[in-house]
Amino acid sequence: MGEIVVTNLGKAYRQYHSRWSRLIEWVWPFGKARHERKWVLRDINFRVSPGHAVGIIGTNGAGKSTLLKLITGTTQPTQGSVKMQGRVAALLELGMGFHPDFTGRQNVVMAAQLLGLHEDEVNLHMAEIESFAEIGGYIDQPVRVYSSGMQVRLAFAVATAVRPDILIVDEALSVGDGYFQHKCFARIRMFQEKGSTLLFVSHDLAVVRSLCDQAIWLDNGVIRDAGETKTVLDGYAKALYAKGQEVEVAAEQVPVERDVPKVESRQKRDCRLDFINNTNLRNDIEIFEFKQDAARWGDGKAKITDTKLQDANGTTLNWIIGGEEVVLSVEAQANEMLERVIVGFMVRDRLGQNLFGDNTYITTMDVPVSIRKNSKFQGRFRFLMPILPQGTYAVTVAIATGTQKDHIAHDWINEALFFESHNGISVSGLVGVPMHDITIDEFSRT
Amino acid sequence: MSLVKQIWIYRGFILGSVKREFQSKYRNSLLGASWMVLQPLSQILVFTLVFSQVMRSRIPGLDGSFGYSIFLCAGLLTWGFFADLVGRYQNMFLENANLIKKINFPRICIPVIALFNAGINFIIIASLFIGFTLLVGSFPGGVLVLIIPVLLLQTTLAMGLGMTIGVLNVFFRDIGHLFAIVLQLWFWLTPIVYPLQSLPVWAQEIVNLNPMTPLITAYQSIVVQGEPPLWTSLMPSCIFACLFCLFGMYLFKIRAGEMIDEL
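As you go down the protein sequences, you meet chains A and B in turn.
Note that the first sequence covers residues 1 to 446 in the numbering used here.
Note that the second sequence covers residues 1001 to 1263 in the numbering used here.
Just so you know, these hints were derived from the structure itself, not from any lab.
Treat each hint with caution, since some may be false.
To be verified - Derived lysine-lysine pairs resembling DSS-like cross-links, with alpha carbons at most 27 Å apart: (1) A:Lys405 to A:Lys376; (2) A:Lys376 to A:Lys308; (3) A:Lys83 to B:Lys1253; (4) B:Lys1005 to B:Lys1019; (5) B:Lys1102 to A:Lys83; (6) A:Lys32 to B:Lys1253; (7) A:Lys38 to B:Lys1101; (8) B:Lys1253 to B:Lys1005; (9) B:Lys1102 to B:Lys1005; (10) B:Lys1102 to B:Lys1025; (11) B:Lys1102 to A:Lys183; (12) A:Lys83 to B:Lys1019; (13) B:Lys1005 to A:Lys83; (14) A:Lys38 to B:Lys1102; (15) B:Lys1253 to A:Lys38.
Claimed, not checked - Negatives, chain A to chain B, calculated, CB over 10 Å: (16) Asn45; (17) Gln333; (18) Asn423; (19) Asp441.
We treat Cβ as the ideally placed atom computed from N, Cα and C, and that holds for glycine.
This is chain B alone, in the form it adopts within the complex (with noise of 0.2 Å):
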């Protein structure tokens, strides 16, 4: 059965898990659902507020008073999204072993309902923030939609990583130590707090090799600048999501029934 018939089969139950999660999540708490959205609020007004008002940050070739808070959150959220997915994947058959182990479900559901849950998650503080652009004037208009595809791109590169990674933890679970150190030096090896050009050349070019440069340059240069992205410049990161991604499955595939008597 192909994996689409499967997923389509089970789409009962992986809304309910989507659902569950975030019940499960606020249940017991008084203000519910709004901690939904109170906390990635919080997390741009901290932003904006410390970088436009307290510490007073520009850009050069930027103008107002919330450019640098604009430029941050573009490359922020979209990395946290990314960060967000890959935890996930990473941990999904080990916190889930259980009802692997013990039920006969198709295996695919799972990282489909993490894709879901980190999705809204990320739709949720994205809407926040494109209102935030609305309430201060830097709404970058119709340009917007492009950004669409380049998350595509990055979901796919999020998954395929978190895949391999995920069922590489199963056996080491040396690698979700290991790859929390990557992502942390990653993170400072991609243009997100700081822009691409302000850094010597040699050291742009080193940055470069990152295949999440390109993809926060292109969202920085539709929210910030309003402009289309290079679109050839994310050609190699879109090669290497695609290998990633066809390695993950893979993977997943040969080692998915060894991998339930390693649980």
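Isolated chain A (complex conformation) (with noise of 0.2 Å):
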């Protein structure tokens, strides 16, 4: 059970030229073909043996949505075959179906039922179906009451409340907030522990190299690479990469302007913060402990020992909020002679995508800062932090030495600390940046 087999897949669409061709073609189909074939995919092969976990990656339009279409039947292949033993489950569109006027569990019904499922079978899980969606009593209210992270958490519990032999997982778990994907990402690892065959599509690499064993990338409707997660993950990458490299190397021609007169920033926040800090849109961001126990990598020549964020004063705080000035404090310990050393730091948000850090490199670059073995060190940035969006974030610091460009990371942890912001509702983009000044004036008049 969990076997996937594809062979020779292949999907083609139909593009006529006019309106007309498509009646011509049916009336008289002796004649030739009025249409061209746009194909989106071609010469698919691959097979996934029974409890294996393999994530899709690609650029949009690469045909990894027509994959999963065709793979789950709800789109037919012009070519090639799809096998698959047991029962599948597909968290493609999650909520697809929902009927709004109908309570969550009048509707928990309908979409088990879409599934194959009797009542009486949805019955018998509905209490693990409540639990796991987390909705309290709007469980008996219309389904258009409920927020869209509702929807999506009771969609969830759903599609998975049965095991099934294969699980087909699109971007759908990219909707919710932090916890509850922590929460999706354990059910479906126990799925894996208990045999569940995977197939994940994913623009989170990250989540990809941790969940899947295999990858299968595809690029312009064909196969480019695929085997082991990492080799085809590091292709992948590089490739990226390299389509975006023009724009960085521009980047770094910009001459660097060193003799700036330094601002004072001490008095510059957001005009509005004294305004919004007294009502419902305060930007409250909750900060965990370091994580000791954190994954590191790097040579060992030095450790890091804490990262904290402090305010002006040095007291370590576990509560900002954005648009305030706090000082992010990453202490480490040299176990050699550290030359030209560098601190950075970056903060990612829960999609793994960078927002933005910093390093010393550049304030040192004409001092150079060298740490002699066994001290204690400390790189100190102080900064307003920016307004966040609701969600997880982690923040990745790291110890090096050498040049921006040439440098030996010591120590690097990916997930050094944490925060979650709580309240977000006045952000747009991916950061909200503290707004010195904001007016109108009429500056002309006729």
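Could you fit the two chains together into a complex? Lean on the hints.
And the structure:
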């Protein structure tokens, strides 16, 4: 149970030259074809053994979604075939078929019936579905009053109520908050351990890396590479990087102006902060403890011992407000003599996107800092914390020696510190930049 | 997997969907399910009052003040069922496009659900009508059961025709608009509001080519005269219905895949 065999699979859409062409072709099928075939997927061959997890990656339009639709059977292949054994659950469009006027409970029954289950089977699982979705009394309210997160939670709970032999997951999980995502992934992992085959499509390479033992890289409708996750992902990342390189080089060619007079920014804050902080728009950010046991890499010549957010007076904070000034402090110990040391950090959102970060390189370029063996040191970054959309964030910190371009990493922790923004409703964009001044002026009169 | 087996496995979904269509229709109304009865009841009342009392219409050979009303209802209610079913089939794939495109379930469920929905509506209105005939003392008696095979034949015809139009409508939306006109013409070419005998002979010949004519005449003969229909007259319609049904299923089968790409 749980095997997937895809043989010579291909999908082409018909494109007719005009509205009438199809009619003419139907009425008189003996003439020449009046349509062109537009191939979106071609010559796809792979086999997934039971219990394995395969990630499908590729840029937008590479054919990932089409491939999943062919595998789940919603779309019929133009050529080739898909063979599967066992019960399939597809988390492609969570919440599809939810009727806004019916209660959560009724919709659960409906959605489960659409999966081929019977009402009494559904009722057996109802308690578990309710507890997983964590929507409380809302289960008996019409779905139209649900938040989108609640809908997704309920839909995920129904779709995974019974362990499938094959689980197919699209980008669906990128909605919902960090906490629920963690819960979803825990369930997916549990299924995996119990022997479900997993087919996973995502842009989030970190998730693919952690869940899948094999990966398929789709590019323009064909398999560009397939095999062990790490190898495929590295190749994919390299290709993506090659595309983006032009921009990166151009950015580096801009001369760095080093003699810009430093403006004291102590008093500068978002001009609306006093008002906002007294309303429900306040961007509360909760800071969690430094993760001592987080995975780290590097040659070990230095070891990061602590990472924390502080206020200007050096008091460690566990709660900050977006738009206010904070100090990120990275403490480390040198196990060897370190010359030209650089301390850096990067803040990533839950999808692994780099939001902002910085390092000490330029500041210390003229006067490189050296650290003696066995001494402790810290890098401090004082900045206005951007206003963050709701979600969890991870801070990556690193110690290296060398230059921006050529350096050796001594200690690198991907998820050294987590924080969570509880209310970022006034943010548009990845982060909100604190505004010093906002005005409207009439500057000419006619 | 055979169609019947698929339908059986998804019976929960089918019955649930039928139930939910009625629920969603009356969910936010105060009177709830009573509207299911009130609407057809008013229809029957209007026909009978207008034609028996206001217009005092009479058809030669029919007694009683309700004669024409019963004649009219016999044709009109069954034609209503026919038009309702074909109409639902015409739009069922378009209306359920989201579901069809995104979730893999047996597509055959959709026409089955539409059939049940139209069928239940007809059963309600037909029961009200039978109640009415009992009330005015014009109940045709045991001969009424003969209506069942005629209805089955009509349903087959409607499903075959509806399926064909439903599939075509996905590719050529003109079909939907065109068929609305055809249905109107067809109504007047069927002896529903007028008896077939009231037409001149040449016109009778034309109207007799219409496959719905023998069906409607059969209902009228059972309900109004209380006599079994002329079974042989139904043969051409029967062949017609079977051919349409086969053609509709064939079209559905070969175009199902392309249809999903088109929706």
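Hint by hint, here is what the structure shows:
1. Distance restraint check for Lys405 (chain A) and Lys376 (chain A): the Cα-Cα separation of roughly 25 Å lies within the 27 Å cut-off, and the hinted pair is therefore satisfied.
2. Pair hint Lys376 (chain A) plus Lys308 (chain A) holds up; C-alpha atoms about 16 Å apart against a cutoff of 27 Å.
3. Distance hint between Lys83 (chain A) and Lys1253 (chain B) is fulfilled; the C-alpha atoms sit about 21 Å from each other, no more than 27 Å.
4. Under the criterion of a C-alpha separation no larger than 27 Å, the hint pairing Lys1005 (chain B) with Lys1019 (chain B) is consistent with the structure, at around 21 Å.
5. This hinted pair checks out: Lys1102 (chain B) and Lys83 (chain A) have alpha carbons roughly 19 Å apart, not beyond 27 Å.
6. For the suggested pair Lys32 (chain A) and Lys1253 (chain B), the alpha carbons sit about 23 Å apart, so the restraint of at most 27 Å is met.
7. Distance hint between Lys38 (chain A) and Lys1101 (chain B) is fulfilled; the C-alpha atoms sit about 19 Å from each other, no more than 27 Å.
8. Between the alpha carbons of Lys1253 (chain B) and Lys1005 (chain B) the distance comes to roughly 16 Å, so the proposed pair stays at or under 27 Å and holds.
9. This hinted pair checks out: Lys1102 (chain B) and Lys1005 (chain B) have alpha carbons roughly 22 Å apart, not beyond 27 Å.
10. Between Lys1102 (chain B) and Lys1025 (chain B) the CA atoms are separated by roughly 25 Å; this keeps the pair inside 27 Å, and the hint holds.
11. Distance check on the hinted pair: Lys1102 (chain B) and Lys183 (chain A) sit about 25 Å apart at the alpha-carbon level, within 27 Å; holds.
12. A C-alpha spacing of about 35 Å is found between Lys83 (chain A) and Lys1019 (chain B), which places the hinted pair above 27 Å, so the restraint is violated.
13. Straight-line distance between C-alpha atoms of Lys1005 (chain B) and Lys83 (chain A) comes to about 20 Å, which keeps the hinted pair within the 27 Å bound.
14. With a C-alpha separation of about 21 Å, the suggested pair Lys38 (chain A) and Lys1102 (chain B) falls inside the 27 Å cut-off, and the hint holds.
15. About 23 Å separates the Cα atoms of Lys1253 (chain B) and Lys38 (chain A), which keeps this hinted pair within 27 Å; it holds.
16. Distance check on Asn45 (chain A): its Cβ is at least 21 Å (rounded) from any Cβ of chain B, clearing the 10 Å threshold; non-interface status holds.
17. No beta-carbon of chain B comes within 10 Å of the beta-carbon of Gln333 (chain A); the shortest separation is about 55 Å.
18. Listed as a non-interface residue, Asn423 (chain A) keeps its Cβ farther than 10 Å from every Cβ of chain B; the least gap is roughly 33 Å.
19. Chain B leaves Asp441 (chain A) outside its interface by the beta-carbon criterion, the shortest separation being 49 Å against a cut-off of 10 Å.
This entry does not satisfy hint 12, going by the numbered hints stated previously; all others are met.
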